[in-house]
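Novice: Chains as they are written, first to last, in the working numbering: chain A, 1315 to 1865; chain B, 1315 to 1865.
Keep in mind that the hints were calculated from the coordinates and are not lab data.
Note that this is a predicted model, so its numbers are computed, not measured.
Among the clues, some could well be false.
Same chains, same label: a pair holds when it works inside one copy or across any pair of copies.
[To be verified] Here are the computed lysine to aspartate or glutamate pairs in the DMTMM-like style, where the Cα-Cα straight-line distance is at most 25 Å:
| # | residue 1 | residue 2 |
| --- | --- | --- |
| 1 | Lys1342 | Glu1434 |
| 2 | Lys1365 | Asp1589 |
| 3 | Lys1567 | Asp1589 |
| 4 | Lys1365 | Glu1826 |
Number of protein chains: 2
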Amino acid sequence: MTILAKSSAELSLESVRSLYDQLSVHLKDLSVLQGITRLLFWDQETMMPAKAAPIRAQQLSVLAGLTHEAEISPVLGSLIEEFEKRKLTEDLHKELNPYELANIRLATKAYKEKTLLPIELVKAIATLNSEAVIAWAEARKESDFSKFAPFLEKQIKILRQAASHKIQDRAYAEARKINKKARASLGLKEGEECYKGYYQVLLNTYEAGFKDAHLQVLFADLKKSIIPLIAKIKAKEFHHDRSFIQGDWDIQKQVEFSTRISKEIGFDTEAGRLDVSTHPFSGGAHPTDVRMTTRYIIDNFQEGITGTIHETGHSLYEQGRNKEYDNLPVSQSLSLGIHESQSLLWERMVGLNKPFWTYALPHLKAQFSGSSHENLQSASLEQFYNAFNRVDPGFIRVEADEVTYPLHVILRYEIEKALVEGDISVADVPRIWNAKMKEYLGLDVTEDRLGCLQDIHWAIGYIGYFPTYTLGSIYAVQIFDAAKEAIPNLEDHLAKGEFHVLRHWLNKNIHEQGSLSESGEDLIYNLTGRPLDSSLYLRELTDKYARIYDL
Amino acid sequence: MTILAKSSAELSLESVRSLYDQLSVHLKDLSVLQGITRLLFWDQETMMPAKAAPIRAQQLSVLAGLTHEAEISPVLGSLIEEFEKRKLTEDLHKELNPYELANIRLATKAYKEKTLLPIELVKAIATLNSEAVIAWAEARKESDFSKFAPFLEKQIKILRQAASHKIQDRAYAEARKINKKARASLGLKEGEECYKGYYQVLLNTYEAGFKDAHLQVLFADLKKSIIPLIAKIKAKEFHHDRSFIQGDWDIQKQVEFSTRISKEIGFDTEAGRLDVSTHPFSGGAHPTDVRMTTRYIIDNFQEGITGTIHETGHSLYEQGRNKEYDNLPVSQSLSLGIHESQSLLWERMVGLNKPFWTYALPHLKAQFSGSSHENLQSASLEQFYNAFNRVDPGFIRVEADEVTYPLHVILRYEIEKALVEGDISVADVPRIWNAKMKEYLGLDVTEDRLGCLQDIHWAIGYIGYFPTYTLGSIYAVQIFDAAKEAIPNLEDHLAKGEFHVLRHWLNKNIHEQGSLSESGEDLIYNLTGRPLDSSLYLRELTDKYARIYDL
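In isolation and in its complexed conformation, chain A is listed as follows (with noise of 0.2 Å):
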């Protein structure tokens, strides 16, 4: 145990191999020091007693104390600053594979980002966030903004503070550097600066090596394209019959049948469990342990169903990850962009679309087979899929369908970047971002609660995470893109539920692959020999609904 080993006078400094050997060490149990915190947080969620919440917190806190000590340990620190000497004397490249080398170049970048930041601003951090919290849980209860906006103008202040101790760093000026495509697209003239590096640097934090250059162009295309096909969808002021989704559905049956999809589409419960939470989540301490949770409601099943598909989308890449650089650095998933295009690409690539539907719709209704449910026996194939595909453009994000989905990202990636930046200051918050909803959904936002006070993001912190949702779900449909070229006949192979086809598909070009890619889109650009850009996105999203509502 190198978590033991407190002083570099241990270290042995002879070959390559032999520092490598010692980074491994200290990085595995570095790891499953960390899987026990997201162990006691699953636990939290789904098991914890009430009575536990106080002593909950004092385990988080000892834990956070011990990894971020093992974090920055001066052993780690050794055999870093090893590394970087040897780097330029020494062909790396001859002793180490590519996947030693990433495990090397992920534990650097950690360890630099850990010791970057004075220890005063993290512990400065975890208490703000902590009455963050409690602040907004009270202010989105009472949907009265004035009690948060003090607290999300600390959390704006910390984390400028914060970022301003990365922004030198030569990773992010190079990230800053706008290249003419996105200059172009921005209408910004050469040397202009078209934000000032805050943003860039949180981003980063959620989503490695992506560009925030990049993001802006993006999401100006998608805006482009998604406002007039939500106005397109209102004017026709039609909804496909849901009657049938509707009803009196015994959670112990769908429970059942969520059990049953998640472990047809290839989650193994040897190496994890499904309950059910408040917030389902997909999380655990290690591939061999994948603890998720769904969450049932009674008069709609398919809350019930897509969130389960979700969540083991998120699972299966947690189960699939590299078995032979276990608990190292390089088997971790690459950003939370490709871990949601994981769960996204099964939830809507799969789970939205009819060859799924022909495997499990059938299932569906032996499940729910008694006269109550004539409704459901007798929806077809067609019926079925256009009522899950309604567009209903709403106030709440997690309620949102896929078409107004990126819409409510965009707008929360426009205010909070515009919050860092300085563009604008907390009170204007709830205005613009009323504002925006009228623009983008066409709706009139009543109360703060169901607008700005709804995430609790921006309450932990979280500035620079929303993005990864929608970019989550571009890579999801270039990657379900690649797979039907690799595939022969995949749709076919859903509509007979052999789902096990495109898992292992995905096992061996996202999931093993963890982090040897420096970004999701140098990994897009790998497997698909394409940029990321939001072009396939958006033709088959406009071209799905405009079938579905036969614009």
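Guided by the hints, dock chain B onto chain A, whose structure is given.
Specialist: Just chain B now, with coordinates in the frame of chain A:
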């Protein structure tokens, strides 16, 4: 977080109060960390998917390393050293209250014990335990003692080694002195050593402050009375009807009934959980997060109910710990024997007696009201009492009734003590075991699987543990007797289901006392004004079963 403070240079050595406060912070962090390990153990036994076993072992190993580091930390050492110095020059009793002084005493003792063993020995013990438990499981499966024997040999050797590091300690030298009564009872002459002292050390790992010489006297008394009692019961060749206990008992209904009883006795489900596991236990992280388990058998409801009541007794001790000294050693349970006294008090003193079933039997009948349970419906309280208190000598300790159980324990005590003191060799174990089973219970052991291979304890180095089961039952009788003296009409309360009266008394007199006393014997003496002895226990046991079996 002092777990982060590695250097004693960071200590502020001013007042006793300030030293104490610094000690508290360190001890609390350590306690929080230890709670995490217990939570992972619970998860392993109840929730963990099968393939996660290897990563869980790694998690526990990393936590063990971090815990060990905190236990032997130089900061802790400096604080303890400082208190040792001030003991001589300052009147600590003026500055600190008895609970605070107990925290210092317990922390000092734990620190000394942890630092006494060389780290190589600690690691060798951990390695041996993992290997031995695998060998034991295989040996038991094949009922082949020879496969386990080499590992038991190694366990004896390593435990003697560990004990010899402690054996020079003053506290143990004191404990090895045999008092006059013990000498007389054992027929020892003045100056004659009856054993070599290793066992005393091992016993005190589980039962703080208890003298093995006293144990020897107690167990000699028990044998003198219980062996003939069992022989008389066997000679009767009679059993009360228990057909109404057997049958087909819906597991879900058993769960409901056990949960109900557990809550009525006082288990706070907002500060704990009741789940199912193969081997029932009570554990968890903290008094606000107690995790207990039980198991149910479809064709006999007795085990589910009594098992749940037993674990509830343990859990009430945990939930009832002193809140004012939360996460500090004085709030911890005093010893394994006292812990077992709390489970056995509720299981036997309450749950195997008429007042409890006067209340509970009508509820049990209501819970199993179907026509398939006519036998139960027509059972009288007397019949039910007789059936629940059946004496049936068998091979397996964990299935034993309250009369035969102590002999299972004494048999193991005699063998394990002879082993560590070098009086017998490992090869002799099966022969001696079987001879004692014949002598004590009149049974012929045909397979080591049902004999000396049945328990995991020796495989994991738990030598000195078994006696605490029977000490628990002796403590329980004296504690319950004190409760009856203190609470007017206690049995009437129990017959009305008013369990809080007893629970509150136990909270105040046992649970909140924690480790304020230095031993179970001291606690009993302080509580009852009488020393611990076997007389009341044996009288009640003999009287009860003489009535039941009409001896």
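Novice: For each hint, tell me whether it holds in the structure or not.
Specialist: Quick rundown of the hints versus the structure:
no. : hint               : result
1   : Lys1342 to Glu1434 : between (27 Å within a copy, 22 Å between copies)
2   : Lys1365 to Asp1589 : both (21 Å within a copy, 18 Å between copies)
3   : Lys1567 to Asp1589 : both (14 Å within a copy, 23 Å between copies)
4   : Lys1365 to Glu1826 : between (40 Å within a copy, 19 Å between copies)
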